[in-house]
Structure formats: C-alpha cells, structure tokens
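Colleague: These are the residues of each chain, in order.
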Amino acid sequence: MISLTINGRDVRLENAMTIAQLLASKNLHAKIVVVEHNRQIVPRERYDAVLLGAGDELEIVQMMAGG
Amino acid sequence: MISLTINGRDVRLENAMTIAQLLASKNLHAKIVVVEHNRQIVPRERYDAVLLGAGDELEIVQMMAGG
Amino acid sequence: MISLTINGRDVRLENAMTIAQLLASKNLHAKIVVVEHNRQIVPRERYDAVLLGAGDELEIVQMMAGG
Amino acid sequence: MISLTINGRDVRLENAMTIAQLLASKNLHAKIVVVEHNRQIVPRERYDAVLLGAGDELEIVQMMAGG
Amino acid sequence: MFDLECHAAALDSAGMAGALHIAGKVFTSRLMLGTGKYRSAEEMNAALEASGCEIVTVALRRIDLDAPKRSILDEIDWQRYHILPNTAGARTADEAIRTARMARAMGLSDWIKVEVIPDPKYLLPDPVGTLEACKVLVDEGFVVLPYINADPVLALKLQEIGTATVMPLASPIGSGQGMKTFDAIRIIVEQAKVPVVVDAGIGVPSDAAMSMELGASACLVNTAIARAQDPALMARAMRLGVEAGRAAYLAGRMPVLPYASASSPLEGVVR
Amino acid sequence: MFDLECHAAALDSAGMAGALHIAGKVFTSRLMLGTGKYRSAEEMNAALEASGCEIVTVALRRIDLDAPKRSILDEIDWQRYHILPNTAGARTADEAIRTARMARAMGLSDWIKVEVIPDPKYLLPDPVGTLEACKVLVDEGFVVLPYINADPVLALKLQEIGTATVMPLASPIGSGQGMKTFDAIRIIVEQAKVPVVVDAGIGVPSDAAMSMELGASACLVNTAIARAQDPALMARAMRLGVEAGRAAYLAGRMPVLPYASASSPLEGVVR
Amino acid sequence: MFDLECHAAALDSAGMAGALHIAGKVFTSRLMLGTGKYRSAEEMNAALEASGCEIVTVALRRIDLDAPKRSILDEIDWQRYHILPNTAGARTADEAIRTARMARAMGLSDWIKVEVIPDPKYLLPDPVGTLEACKVLVDEGFVVLPYINADPVLALKLQEIGTATVMPLASPIGSGQGMKTFDAIRIIVEQAKVPVVVDAGIGVPSDAAMSMELGASACLVNTAIARAQDPALMARAMRLGVEAGRAAYLAGRMPVLPYASASSPLEGVVR
Amino acid sequence: MFDLECHAAALDSAGMAGALHIAGKVFTSRLMLGTGKYRSAEEMNAALEASGCEIVTVALRRIDLDAPKRSILDEIDWQRYHILPNTAGARTADEAIRTARMARAMGLSDWIKVEVIPDPKYLLPDPVGTLEACKVLVDEGFVVLPYINADPVLALKLQEIGTATVMPLASPIGSGQGMKTFDAIRIIVEQAKVPVVVDAGIGVPSDAAMSMELGASACLVNTAIARAQDPALMARAMRLGVEAGRAAYLAGRMPVLPYASASSPLEGVVR
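These protein sequence lines map, in sequence, to chains H, V, F, G, E, P, R and X. Start counting the first sequence at 169; every next residue gets the next number (the working numbering). Start counting the second sequence at 169; every next residue gets the next number (the working numbering). Start counting the third sequence at 169; every next residue gets the next number (the working numbering). Start counting the fourth sequence at 169; every next residue gets the next number (the working numbering). Start counting the fifth sequence at 170; every next residue gets the next number (the working numbering). Start counting the sixth sequence at 170; every next residue gets the next number (the working numbering). Start counting the seventh sequence at 170; every next residue gets the next number (the working numbering). Start counting the eighth sequence at 170; every next residue gets the next number (the working numbering).
If we strip away everything but chain H, and leave its shape as in the complex, we get:
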C-alpha cells in the first residue's frame, strides 16, 4: 500500500506502479496530459521509467476550455 498525493488529494495505490501504469489504469492517453512528479515535469518518454513512491506528489493536468 503506497500513500501519495495526486492532484492535491491523498490517494492509496495497491501496488507500486509507474506513471504509465497509473495513466493506463485511469484510461488517460499520455498525449493529452502533462505530469509533474515532485514538482518536476516528467517527459512523456520517461512515463515508463518513473516508479511512484510513498509520499510522492503528482500533478496530472490537461488542457481545458478557458479564456
């Protein structure tokens, strides 16, 4: 059980997983999101490489309608 913060909310993951795995589990396409991991933007090609750990802070954002 891993506790971390995603988009400002506490989240528990059953298993350790990479960013890519997290996105896949949520049906999110890598191409339309940007991910910040502990305040560092993660290049898309590294989504497979970054394993999420306890206490991590993650931001997953997308473009929304706005003015």
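What the hints contain is simulated information worked out from the structure, not anything from laboratory work. Watch out, some of these pointers could steer you wrong.
[Unchecked claim] List time: in silico SDA-like cross-link candidates among lysine to any residue, alpha-carbon distance up to 25 Å:
{"id": "1", "chain 1": "F", "residue 1": "194", "chain 2": "F", "residue 2": "214"}
{"id": "2", "chain 1": "V", "residue 1": "194", "chain 2": "E", "residue 2": "231"}
{"id": "3", "chain 1": "P", "residue 1": "290", "chain 2": "X", "residue 2": "242"}
{"id": "4", "chain 1": "P", "residue 1": "362", "chain 2": "X", "residue 2": "325"}
{"id": "5", "chain 1": "P", "residue 1": "304", "chain 2": "P", "residue 2": "234"}
{"id": "6", "chain 1": "R", "residue 1": "362", "chain 2": "R", "residue 2": "278"}
{"id": "7", "chain 1": "F", "residue 1": "199", "chain 2": "R", "residue 2": "362"}
With chain H fixed as given, assemble chains V, F, G, E, P, R and X onto it according to the hints.
Modeller: Frame of chain H; chains V, F, G, E, P, R and X shown alone:
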C-alpha cells in the same frame, strides 16, 4: 337631492348649497383651495354667491408636495 | 427687353421666350431640372407653353450632392 | 585651486573651504538647504566640520514650489 | 471656514458675482427644490433649510373630499419660500393651461413651471405642446418657466416668445442618471438670453456642479434629496455642489490638455 | 449661510463625520494643494487660504548657485501648512529614495509623496519602481504616500507594505481631463483600508466632488487651481466641491434608476 | 472570409434576419449614404460602391445659369441607387414644404428627408417646424423621413402622423462626435413602430455599430466617409460596422456585469 | 458584397494592410477567441468557425481522476487553430511560471498568455507579479503574451524585456462593460512596438471596433460570444466589428469637430 360631479366623482347633495357652504361642510378653508365651476374658475369672493346646481361640474384643488 | 427674376437674381431677356427656350439657351436638359414659375411648379410638358413675362419669378433647380 | 562638482556642474574653488563656508559665500542659510556630500547627506551640525576636497560631488538642494 | 459673505463681496467688487434674476426678482440661491417624495414634512423642512433654497416647486391636485390631505401650504413656510407651482400631470397644452390658471387663482404667485408630459414611462416633455401652452400663458401674463428636453432649438423658440427661463432636463425625472445631456445643455447655455435652470435627473452634487460649470444659472433638485438616506445632509451637499460649480464657472477653468503637464519644475532635478 | 461647524457637529453626533486621519495626524480639510505653476506667490497664498487646505506639496530641487531662487519655504507659512515633499523628477526607485532622504533631512517632515515617473509625455508612474521605493522608505520610517496609476492590485500591495495612503490618478497630471479612471477608483476605494487620495487630472470641482462621492478620502489639486483665471476663487470652488462630494457620500445617494419616477403625485390630477 | 449570403440565409432560416422595410420598399443594406463633401465624383462613387448602400441622399439647389455645375444625377447611377432628396437649407416648415414639392417634381421619387434647420452653427433641427412640415407632406402623399433631434416624444408624434421613419441625430451634423444621444436613441427605438435611422454625427464604425446594437434599423453617414483620408475604405468600414451591430443585436448581447466573471474554470487549479 | 480579398489586395498595394505578426507567425485574423463558458462544444465550434479566428486560448487544469472530463483538445481542431494556453488560476508569479512550463510540456506550443491574478472579485492582474513571471518566461524561451491592466508604463516595461505582445484589459474579465480604459489604451498603442491585443471586458462589436480604431492590433473575446444568446452569430458580429475598426483605422478617420458642418451645399438654396 342634487346630483353633480366633484373632482371627477358623482356626488349627491341633500340640499342646494353654495360653494362656501360646501367647503364649510368639508372643513376646507377657502384660502387654500381653488374652485372651478363648470370649467370657470370662481373668485373666492363669489363662493357665497354661486349656488350649485344639478349636473354641475366642480373641481376643488389645493397645492400638494410635488417636483 | 423683359426684366424678371431667375433664381433670386435680376435678369433681362432680349426677347420674349418660353421656359423651354430659356432652358435650351442655357444648354439645360429639361429632365434634370425643376422649374417653379411665380411659385407654381411647372410640369415639364408645359415648358413649351409657358411664356416668360416681365416681373416673373423663376426658380430653376437641380439635384446636387448633399447629405 | 580645488575642482569639484556642485549640483552637477564643474566648479573651482580658490581655497579649501568647509560646507558652512561655501554656503556663507553664496548667502545661503543652512536651515533651508540640504547638502549631500559624495552621496552622503550631511547633518547641518557638521557643515562646519566637512572640508571640501578635489573631486568631491556636492548636492545642495532646497524646497521649491511643486505639485 | 469659508465665508460666503466675504466671497460674495469679493465677487461683487470684481463685478462678476451677480445674483440670479428671474422676471425681475432677485435670488441669492441658485438651487431650487421640489417638495415631492419626502418621507415626512419634517425631513422636507430640514432639507429646505439646509439647501438654502429660495424657490420651491409644488403641484396642484384635487382634494379628496372624503379624506382630505394636508396642503403643502400647511407644511412649508410660504412666506419664506417663493412658491413655483407646476403643471405636473398635464398631458396636453390645454391641461397645462387649465392647471396654470387654477394655480394662479390660489393667489400666491403668477409663476408657473410648465410641464406637458404625455409619456408615463420616461416622463419626457412634449416640445410642441409645451411651446403651445407657453405661448398662451405668456400672453395671459404668467411668468413662465418651461420644463423641456435639452433641445437647443426649442429653448431658443421659448425664449423668443417670452418665457422667463428654460429648464432643460439632465436625464429622466427622478432617475438620478446625471448629466446625460451635457453637450446639448452646453449649447443651450451658449445661446440663452434667459436663465437656464437644469432640472430633472440630477443625482449627486457633482451633477449639479457640472451644470453650473457649464454656465447654467441654477439647478432644480427633488428626488436626489428627498430619496437620499439623509435628505438634509444631501440638501447641504447639493447646495455646496451648486456653489462650487458656480464659483468654478466664474473663476475660469484651466484648458483641458491632451497630454500631461508637470506640476513640479522640470529643471534642477538631482540625478 | 451654511454653517460648517454646525454641520460637522451634526455629523459627529451621528458618528459619521470624522476627520481625515493620516499616520496619526488629524485633518479637517480633505483638499490638499500642490504649490507649482502659480503666476505669483501672492496668487498661491490667496489660493491656499481660500482652499482651506492643511497639507501642501512641494518639490526638492538643486539651488542654482549663480542665481538662487527663493525657496517655497520663504513664500508659504510652513508653520501653518503641513508640508508634503514629493519626489517629482525621479525616474527610478533609487532616485526617488535619494530624493526622499534629502527631503527628510530638511527637518520639516518625514512624510513623502513618492513619485517614480519614467515617462515625460504622460507623466504616468511606474508601478514596479513605486512599489520598490515605497518598501525601502516604509522600512526607513517614512510616512509614505505613493502616487499611482489607478490600479487596484497595486493599491492593495502598497497598503499591505504599509503606505499611509494611496494616491491614484484621475487622469494625466496637469491635463484637467477629470475622472477618466472612475471605475478603477471605485474598486480601489472598495478595497482600501488606508485613505484614498485622488491626485492628478482634476480639472473642475465636479471632478473633485465625484471622487468624494465615490468614497475617496481626499483630493489633491494643483494645476486646476494654479492655472485658473482666478486661482483663489477656483480654490474656493474646489473646497466646496470636495465638501459637497463628502457630504453626499455621507448622506447616501439615491439609487440610479433606468426609467423615470414622477416627483409630483400621480393621483388627483385634474382632467 | 465571412459569407454574407450564407449569413443572411442562416438568419432567414431562423426567422430573425429580415430586410429593412421602408414604405413598402425592401432594402438589404442598412447603411444609407449622403453624397455631399466628396473631393471628387470618383471618390464618391468608389465609396458608394464599397458601402453596399442602396439609398443615397441628395440636395436640391438653384442652378447657376452663368456657370452651371453638373447635377449629382450626372455623377451617380440613379438607376442603381434609390434617391432620397432632402430639404437641406430650409429654415422653416414652409421652405421645407416648397423644397419637397420641387424635389418630387423631379420625377425620381416621392420620398423626402425633411430637414427644418434654423440654426447655422449646430445645424440642429426645429421640432415644431419639422412636425408641421411633415403633417403637410404626409397629407400630400410623400414618403416622409424626418431628421430630428433625439427627442422620444417628437419621434412618437411623427410616427403617429404617418412618417415612414424617424431619423434622430447622434450628434451635430458633420461633427463626427459619435453617439452623444445614446440614451435618448435607446428610448426612441424602444417606442418606435417605424424604422429608426440614426443620422448625423457618426464618425467611426463603432458609432454605427453602437446604433445598431441599440436596435436602430439603419444608419445614414456622409461626412465621416467623404472626409476620411480613404473614403472608399471608410465606406467599407462603415458597412462592416453596421453589419456587426445588426448581427450583435440579433445575436442577443451578454448582460453587463458590475464585477468580473472568470473565463477559465475555477476548480482544478494547480497549486 | 464586400470582397475581403480585393480589399486586402487594395490595401497591400497601398502598403497599408499587412497581416498581424506575432513572434514570427503571420495571422490574417485579428480576432482571438477564448474557449471558456460555452454551453456546448457544438456552440463553441460554431462560434470559432464564424469568428474566423486563428488563435484560441485554453487553460490548464488538473484532471479529476474519478470523473475525467474531456480535454478541450478533444473538442477543437487543434491542427487548425493556434493554441494559446493561459496561466489562469495563478495568483503569483511562481504559480504562473509553473503553469506555463506544464503548458509547454504539452508539446503544442511555446506560447503562453501570462495571467497573474490575486483578486477573485474583479480578476485584475498583478503588475509586479506579471512582470516578474514574464522576465523568467522570456528567458526560458517562451513566446510571452501578458494580460495586464491598461497601464502604459507597465506595457513599456514588458515590451522592453521581450514580451511578444501586451494584452491590456478594456474592463474587468467577463463583465462586458466595454472600453472603460479607452484613454489608457490609446497611450499604450501610441508607445507600443509590439502588437497590442485588447483583452477582457469587450461586450459588443462596437467595443471591438473602438479598440481597433484606436490602433490596437487585435482583440481577444470570450464571454461576450460564449454568453450571447446566439454565440455563432455574435462571433460573426465580433469578426465584422474587428474588421470594421481595422479598416477605419487604415482609412484615417475625419477629425472630431466641436460644431456642426453642413453636408449639403450652403449656396443656391431656394428662398
């Protein structure tokens, strides 16, 4: 019984009366009103002289607050 | 010699002439003018018929640029 | 002969003098001026003590009408 | 504090001040007040007092014989204030003329503020009916003060037939929208030979001041005072606004510049 | 005539009036005057007198040693007026800070009106340089009154760092264009915890009245008075305008209505 | 580019568009042009073309018999444009009536733009004379389009006697001051049963757009185009401005809010 | 109808037209659209289409992992429109910088509309924080388009540090109050060496036209279109308004006159 119109309303008077008598019966001071009798303004000194008749049209007006 | 007023100015004509003759002498086409003779508008078909007399007042107007 | 800058202009003084002496020579009352000597404001009680030297920068200012 | 008497004296000695003259009467106040819409007679009288006004407007209405209301004449000191009856309620020239004649028969005044207003929503006056009523009333010897839209041509026509003033509106009666007709009133003032009294729509003292700065001779205010939270204090405010604008007009304003112009000297800056 | 002392008393008893408080000092006048651009010292002093002002602004300038001009301090009674030196001429924060320090060394006051103005054409202040200078000067114990464009966010930042007032402009300095920044000043007033002094661009008393009606605490006027044809009379006019606007603010204005609303009763019309 | 035909089609299918109807004639353009003050006939024709206008105004003038000028009818294609003669120059109702009759006798049109203008400085129309002239001309069968000050009561009177439109002014003729009468025109439109054509004072396309946004049916422009540096381009600009304003009127504008309202979502912000 | 291609050609031959250049990119449309607040994606796309815009703004927001919403990129054709992400939601320079970096990481664009807005009620931008964020982002190679209050000095500072445009507001975001900052924007345009894009507060096409008549390079509109009753039609209206204003700017407007100037000849009147 005399039917006449005062200030746009039908009014019945028991007895024939002068303008002065009408005003007195309503506790109105001659000094603060103006009376029009059948479209003619009646000078105050003639209030005693004008007897109201059936079908007469009377307007009794005073100054009111206004802008 | 006939003295008359055309467009507010005193004018002398050598000979008696009709409105049509006057217009022709000035190279004015009947179609683009309106003529008022002694304050009466003259229909175009009567330009031939109206003979100008001494003391007449004539207005000859046209459309001009305006706002 | 001492060359220095007063109020942005090059000035030559015949003799070495203090700020107090300079002001006196120009008929300026200490009370209505402020003096900056080499970018340091000089307290009035020290006008007697500060000797002007070659290359010094002096600002002598007063209050003027303004908005 | 600012001594108005000294002020007036100073102005007089400069030949500039001058009081307000209407039909041979002389007034030192340039603020007229309407008497409508006050919450109480006490509030009204406090406002009249605080305003310094000398002319007040009143309306003429039928007495309800079953439940007579007190006349405005029972509530204000009509020895102190010059009464200006209006023809409010009249929709046509004929109705205005009839009302004017009744008002004069009251015996207080032969002045009449002519209002001919066919429209109940914006209460805008009828130029044609107003001119017609004024012609008749001037001929009958009334001192006529017509309430008009801010129409410079109409204002000229009225002064030509002999009205004592013209009273153009700033914006719709009782709206408090202020000087919407600024440009037209400027033209009316420029052409006027009779006093121009800005009437209707004034909401705050800056509106009144603006009228006077333009060269208007006086302002008439009602709703903005009667419906303020503190009518007496607003009456004072209006008085000050009118006096401010009048003084500014006499003092001659600076020109408006497209750019800035420094207030402090440009030379001698320490750098 | 209108008795201002009674007026103030009445207001005080209502707990409404209150004087202007800046950095612990109390002022009864809400009109400040600049001293620049007068045609003569006599005209200036007459205007100061007529304005009723208690605070006057002055600039700091180099003395021309070859031809010294009289200091403003020789021309006004600086025992009577509270002197507010400005940093006019400063184009950067550093220049403003330097000027402020020299001004304080004069020994009259630790108040400073901060002006950081890089642009000579419109004389508009630099928001970033002004904030920077104010931070330093507040830390050095000055009472800081910053001159700013009518930017509500900047005004908030300044009051947060401890300036004694904010002084937003109505329109470019010396232009007389009036209340071009009306809407922004309304927001500044709404958010302000320090006095808002409308400065620059006021051309006529209606502009000053409008500022005060919005809830500004005071106005600063220079060119409009100095360049009027009759400065003393215009000074009086401005005083009246400020008082009018303040009184109106306290009195609570009527709401603005989209339509008209009759001043005379609707019922009882003779027809 | 924006396809106006598609646009019109879309509007029609929504039942909203509708053309401009005046006295039984149908116009697709809502911009009318005056023909005065152009530097040359070429510039005028280029401007008429670029404007897309269908109605043009002309004046009636005496021919100088010694040096006849070309008639405007020699310069424009009067088969293409609907000619609207005006009574410009008339100072009284009688002069306007006389001019109207002569204009009709030209045989081109029984339309007449009635102008009764006594004042040469501001060229403001006479409400009483205009109404009088219109009464006579309507009775004589003219299609009458009166030029008026923005007086809602007068506008109502004119439509009641049968004028085909009302043509209130935005500001003085040829001044380019724009929509000074904004509020009054709003009221006129609200009350109108005939097309409201805003005439006089329009200086730039935003003025024309503003008129149409208010709900005016059309605009008449002369000086702003004739005296632009590039009249044909300004004519196009005015055309676009009129179309923009009309489309906005049909599209239903957002309400004006006293505060701000974010365009981007408030939730989900990264912090 | 008006042929824009011909128009552009004519302008080009005169060397006047020119497209809008921002950071090396060339745009033929001078209207940018925000994508917020539409009732549906269909209405938004219809409006984008009708507006002719080439640049659209979008925001960056956290995905709600429990209930993901569709990205705007699923709804608009981002091959067709140039995407301009904004930093809306950022209250400080740091937050804006962070948002900008994330936006660039999306891989669509290195353009960023910088918004630093501490205040939720009027949504006015922070001049100091905006300048600070822009400095960092310009250094990091972004194409920076800062949203600012209409402060001419700030606008100059921003162009000096290398922003690609300045985007002054007309009035508070989403308020539809129109060109409240008219005078300040005129000064900004006069001093600008980069395109001036008027952003926020535009309510109707006349506001957009007015911006362009002043010489602004473009307008950005969101709420006025999204919240119109018919967004697509209002988008067309805004397009026409922008084109009208731009054409008028190029055509050179007539001078504004204080008086009237007759459109019809003065001589030759029949009397």
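Colleague: Hints first: check each against the structure and report whether it holds.
Modeller: Hint check results:
{"no.": "1", "hint": "F/194 with F/214", "verdict": "18 Å, holds"}
{"no.": "2", "hint": "V/194 with E/231", "verdict": "14 Å, holds"}
{"no.": "3", "hint": "P/290 with X/242", "verdict": "46 Å, violated"}
{"no.": "4", "hint": "P/362 with X/325", "verdict": "30 Å, violated"}
{"no.": "5", "hint": "P/304 with P/234", "verdict": "34 Å, violated"}
{"no.": "6", "hint": "R/362 with R/278", "verdict": "23 Å, holds"}
{"no.": "7", "hint": "F/199 with R/362", "verdict": "37 Å, violated"}
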